[in-house]
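Peer 1: Each chain is listed here by its residues.
Protein chains: 2
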Amino acid sequence: MAAKAETHARPLEMEAIESRVDPGFWDAVRCLKLDVLSIDDSPVPITGCYTLCAHPKIPGLVRLSSKSLEASPPFHSRNNCIVPRTLVNTNNMLGFKNLDVDLLLKEEGKRIFYDILSGKIEEDPTLLLRFLVISFVDLKNWKVYYDVAFPSLVLNSKMTFLRLHSASEVLSQEEETSLSKSMKVWRDSNETTGCPFFWVHIYSDSSVVIRQLKCWKGYSGDHQKLLFGFYDHGHQDYPGWALRNYIAFLSLRWKIEKVQFLCYRERRGEPDLEKSLIGEASFAAPHGWDGSDYVPEIIGWEGEKAGDRKKEKILKPIDLDSLNPASQDEEKQVMHLKLMGWRHPSLVLNKLRSARCLVLGAGALGCEVSRLLMTWGVRKLTVVDGGCVAIPDIVKQSLYVDNDCGVPRATAIVPHLKERCPAVEVEGIQMEIPVPGNPVSKTKMSSVLDNCKRLQALVASSDVVFLLTDTWESRWFPTLLCANENKIAITAASGYDSYLVMRHGAGPGHNLSTEDALGHQRLGCCFCK
Amino acid sequence: MAAKAETHARPLEMEAIESRVDPGFWDAVRCLKLDVLSIDDSPVPITGCYTLCAHPKIPGLVRLSSKSLEASPPFHSRNNCIVPRTLVNTNNMLGFKNLDVDLLLKEEGKRIFYDILSGKIEEDPTLLLRFLVISFVDLKNWKVYYDVAFPSLVLNSKMTFLRLHSASEVLSQEEETSLSKSMKVWRDSNETTGCPFFWVHIYSDSSVVIRQLKCWKGYSGDHQKLLFGFYDHGHQDYPGWALRNYIAFLSLRWKIEKVQFLCYRERRGEPDLEKSLIGEASFAAPHGWDGSDYVPEIIGWEGEKAGDRKKEKILKPIDLDSLNPASQDEEKQVMHLKLMGWRHPSLVLNKLRSARCLVLGAGALGCEVSRLLMTWGVRKLTVVDGGCVAIPDIVKQSLYVDNDCGVPRATAIVPHLKERCPAVEVEGIQMEIPVPGNPVSKTKMSSVLDNCKRLQALVASSDVVFLLTDTWESRWFPTLLCANENKIAITAASGYDSYLVMRHGAGPGHNLSTEDALGHQRLGCCFCK
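Read top to bottom, the protein sequences are chains A and B. full-length UniProt numbering applies: residue 1 is where the first sequence begins, and numbers increase by one. full-length UniProt numbering applies: residue 1 is where the second sequence begins, and numbers increase by one.
No wet-lab data here; the hints were simulated from the structure.
No distinction is drawn between identical chains; accordingly, a pair holds when it is met within one copy or between any pair of copies.
Pairs of lysine-lysine residues, derived as BS3-like cross-links and limited to a Cα-Cα distance of at most 30 Å, are as follows:
| id | residue 1 | residue 2 |
| --- | --- | --- |
| 1 | Lys396 | Lys380 |
| 2 | Lys453 | Lys380 |
| 3 | Lys143 | Lys396 |
| 4 | Lys396 | Lys332 |
| 5 | Lys418 | Lys396 |
| 6 | Lys442 | Lys140 |
Given these sequences and hints, build the entire structure.
Peer 2: Structure below.
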């Protein structure tokens, strides 16, 4: 059946693309920003996927998911065309508000323009769908503000729909069957399924051949039977947004001024030629596009129409708070460290997180050190103390409160640490630190020896030992154990108007001047002469 | 009625004195130690009171009460003879255990010995009852360990009871009536009621005259009718301990070798001559006491008998915990400060206690500063903050716990401070600190102005202002207010590996080089050029 005569001429109307950004994408961006980018705010290449409309109620969208930040995302499937994008993520709200959105859009549009002129589009048609995301991830408040643009070249010449019909109305039964069959093959082939722009040649025997754009060169055939097809994300009775840059391409690169186009649509994975549209559009060659520095007008911020770009941007906020709330608490608790890590790369959080810290003494020093270790990202603590909380303690030992009076410190400290950092693994051990030289009664001898062995085992299974008891004498035996096990030992003491913090044993570097009898290079201790 | 003939001769037996120490006395000693003596452990003169036995079931005791540390205690009443003592309070348990108790007892006994020889006893007979308390006040554990000694001179010559009877048996009815009458006058007179040693002359007409020791000189009369009387604390059928030193006095000073003595006892404030004893004792002049350096043997540790002084001292522990438990908690909470004050007298606790501190900001800095102010004895706090507690805060801002999330910091901080120091008066004010230069919308204008006025009033009513907000900008307006009100202002800030603490305004001394336009000598601020 021959194509119908044109019914009326009208301006080219197209259905806007919608973006859909999974919260998972923003969570991935948040992590990227926090863990990798830090203060670097240069644009990041990402990939989205462009999908056909699968169901009238689920319009085709450009989607970004948690995989979009991966170098080779696993999108290249039947329902996803990989689309390159640029993400511009700013460091703060002011930077976001001050972004020159016109310039950014223009830059992105220029890349499409030059890809058209250079012929790059023929190699990779998805470049016509290139687009842009701007965002500010408010890390501390777990919010994202963003906007999306689909840069589209505006031809400065008149463009007219000559006619537009359902494909099934325009094609004969045989042509329709043949096209359906060919499209299925196209869509099922690994090579072509992700190719959203193509051309269709319908021979006079109703057979159909679908070709990639790169096959155009040198082609010259019956224009009556030539359809410029594209995957149409829309489901209205007019074409989707992708046609806009396609026409710009046809006009600029192939110098065509009148085309028959096929808005290819599917329904539940099958070609739906009733919904697919075949139309005809004519467009004069645009003026002055040949000038070497010429850049066409670009439009495309989502939700905006040409001409209203000057109004204040309405930010799209996304709350990340609802994502994985369980693991999020811990994320929030280490964020300040990650942010500090932006400027102090020597802060290696994984080392701190996995370090097993043994805190000897849970008094004024023990409380503060245990809490501050958590603040600095330590999550494995063992606290040893032999005493009980008393009234005078609670005004000096920061973690205890009136209800703890009479409770062993090693027991009382555990919930206080956990209620400040639910992720901490903390064990409290009620035990007196043995002090060599102190008199031991016969009845207590075996329990003191048990304590010695227990302390040795604790030191051996720790990475760092903090000596925070209230006498120097009680630091002596643990100091020996640390030296013997070659563990980092840190002693701290405070007085009326002075304090001391000192590291023993294994030093921070490997070039220590001190070498002990075992050949360990290490720092001296506060008992060394 | 004539005195009965002697019935039998036996060694002199005497009833030991008991001491009764009110816990109030020990609390007074605790306060004296903590607030006045500090590390000074030299002996302290104190006064006790010696009482007659008032009732068979309430033996006469030497008492120490909370007034015993006063210079002129109000004891000089009918029932109390003021007795001088010495308190030796050591600084620690080791010092207490190492006390040379024999030497101490000897020293105290020597004073009695010399007072006898010098005639001082005649002027002040209570010196014969002089005694000694040794103690260690364990301030941190609110315990007292003590012992009491009544130093008694042991005559190294034989001493024998020749007879011993109830006074009413020995005296005639007339003599008894007369003695009762005279004793009542003696006891009712201000001059003599506190005089526990005296002599009684019974004339042949049964009239009785009681005389003070100092009236002995030159006396020469009928020895048959002469009684050496003393207030007898005991109620047994043998004399009380006080007779021991009295006989030493009579022998050494007055060279008497045989005396009739009167153990004067009362019952419900009336002379009880039935219970009172009249006895006769003979004692040879001791050997060698005239040697210039001679010191007699001294006994007298409470509960010990002559000869068993070498056994280990059994400490008498007293728990002060039960005294005024309400005010005690606060006492316990400032004890570390008082102890620090022993060596750092510049620590003036009253100044700190009465200082009204305004804490601006209740984040990481605000939490620590508020708590540490309490640790240093500050008890009047006002905390201002505009924000709410969030998950990331609880690992960094020391006072908050998971349950506080979502609660305004100014509200959440109050119970956390109180549960560490019940005596603190703390007010939390939820308010944003106005920042000059920040844009203010018209709707918020009046509330921001209200905040300005409120902050001004808060600064005006404070003594010290702490600037602990999370930006420098928000410290600007409070800095101005502090300069205007001439208040001490302390700003603190902390970074990754650095911190700043700086005092503005009124300086610690009065000789500052900086003088402002109003003539106030004061320190510059962190905004000064």
